[in-house]
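Participant: One letter stands for each residue in the lines below.
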Amino acid sequence: ETGVTQSPTHLIKTRGQQVTLRCSSQSGHNTVSWYQQALGQGPQFIFQYYREEENGRGNFPPRFSGLQFPNYSSELNVNALELDDSALYLCASSLGTTGNNEQFFGPGTRLTVL
Amino acid sequence: AQSVTQPDIHITVSEGASLELRCNYSYGATPYLFWYVQSPGQGLQLLLKYFSGDTLVQGIKGFEAEFKRSQSSFNLRKPSVHWSDAAEYFCAVGAGNNNDMRFGAGTRLTVKP
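Here the protein sequences line up with chains A and B, keeping their order.
Using this note's numbering, read the first sequence as starting at 2 and increasing by one per residue.
Using this note's numbering, read the second sequence as starting at 26 and increasing by one per residue.
Treat the hints with care, as some may be off.
To be verified - Quick list of simulated restraints, FRET-style, between CB atoms: (1) Thr135(B) to Asn31(A): 37 to 43 Å; (2) Ser39(B) to Leu96(A): 24 to 30 Å; (3) Arg47(B) to Ala81(A): 16 to 22 Å; (4) Leu40(A) to Ile36(B): 37 to 43 Å; (5) Asn80(A) to Glu40(B): 45 to 51 Å; (6) Arg133(B) to Ser28(A): 31 to 37 Å; (7) Gly4(A) to Lys137(B): 31 to 37 Å; (8) Leu81(B) to Glu103(A): 41 to 47 Å; (9) Gly53(B) to Glu103(A): 20 to 26 Å; (10) His107(B) to Leu96(A): 29 to 35 Å; (11) Ser95(B) to Gly57(A): 37 to 43 Å; (12) Arg16(A) to Gly87(B): 32 to 38 Å; (13) Lys14(A) to Glu91(B): 29 to 35 Å; (14) Asn80(A) to Lys137(B): 42 to 48 Å.
Worth flagging that the hints you see were computed from the coordinates, not collected in a lab.
All C-beta atoms in this analysis are idealised placements derived from N, C-alpha and C, irrespective of residue type, glycine included.
For reference, chain A alone in the conformation it holds in the complex (with noise of 0.2 Å):
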């Protein structure tokens, strides 16, 4: 069983750019979260994907958007890419969207802002 991957692992961009982070979720899950965990920070949560469908949002700006394949993997788009935006970036896949549903993580993409 192969567990969350994520690419590419480390990225820098410059400010104003446009970045796509993916993550290909574990064997059977249908649920994508993603978290921007910042230096010396606990992660964030930006959004969750659920069959394809945006299914709850944190307080991020629409800058942040994603999506979620049929096969469900996903991709996190950050659009006009701001020096804040530095951070490690997970995705973590689950069975399902209750509360009970272990969310397996990634090992993240480490994104550059300069």
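Model the placement of chain B on the given structure of chain A, informed by the hints.
Facilitator: Leaving out everything else, chain B in the frame of chain A:
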């Protein structure tokens, strides 16, 4: 909305000593509570979780945690720490749906030889 406080930013313990990491949560109903561990450059690994039932939960790697509703706490414990336990530990609280899990700021654990 739910929230989590981890009062200790950094804790140092000697190898073989006992460990307790504190976690306080705020949530109006019965919460779903989690402890995760994160090694440098890695994602999060679930140590244990509480949903209902027995308030003392056992997890992986010899960790346990106790849910105390009266104190709104979910402290993580380990009787004897190993050098490999050095990492960042996060407490998290979830609601009925897992689409807004709130994490604490984390406690960094250093283990002295």
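Participant: Using the C-beta atoms of Gly53(B) and Glu103(A), is the stated range 20 to 26 Å upheld?
Facilitator: Given about 23 Å between the Cβ atoms, the range holds.
Participant: For the range 41 to 47 Å, tell me whether the beta carbons of Leu81(B) and Glu103(A) fit it or not.
Facilitator: 19 Å, violated
Participant: Evaluate the given range 16 to 22 Å for the C-beta pair formed by Arg47(B) and Ala81(A).
Facilitator: 39 Å, violated
Participant: Can you let me know if the beta-carbon spacing of Arg133(B) and Ser28(A) is within 31 to 37 Å?
Facilitator: 33 Å, holds
Participant: Take the C-beta atom of Ser95(B) and the C-beta atom of Gly57(A), compute their distance, and say whether it sits inside 37 to 43 Å.
Facilitator: At roughly 30 Å between Cβ atoms, Gly57(A) and Ser95(B) fall outside 37 to 43 Å, so the hint is violated.
Participant: Taking 37 to 43 Å as the hint, is the beta-carbon distance of Thr135(B) and Asn31(A) inside that range?
Facilitator: Holds, at about 39 Å.
Participant: Please test the hint of 24 to 30 Å on the beta carbon pair from Ser39(B) and Leu96(A).
Facilitator: 40 Å, violated
Participant: How does the Cβ-Cβ distance of Asn80(A) and Glu40(B) compare with 45 to 51 Å: does it lie in that range?
Facilitator: Holds, at about 48 Å.
Participant: Quick check: does the Cβ-Cβ distance between Leu40(A) and Ile36(B) fall within 37 to 43 Å?
Facilitator: 19 Å, violated
Participant: Is 29 to 35 Å respected by the C-beta to C-beta distance linking His107(B) and Leu96(A)?
Facilitator: 32 Å, holds
Participant: Given the hint of 29 to 35 Å, is the C-beta distance from Lys14(A) to Glu91(B) inside that range or not?
Facilitator: 44 Å, violated
Participant: So the hint says 32 to 38 Å: do the beta-carbon atoms of Arg16(A) and Gly87(B) match that?
Facilitator: Violated: the Cβ-Cβ distance is about 46 Å, outside 32 to 38 Å.
The structure fails to meet hints 2, 3, 4, 8, 11, 12 and 13 from the earlier list, while all remaining hints are met.
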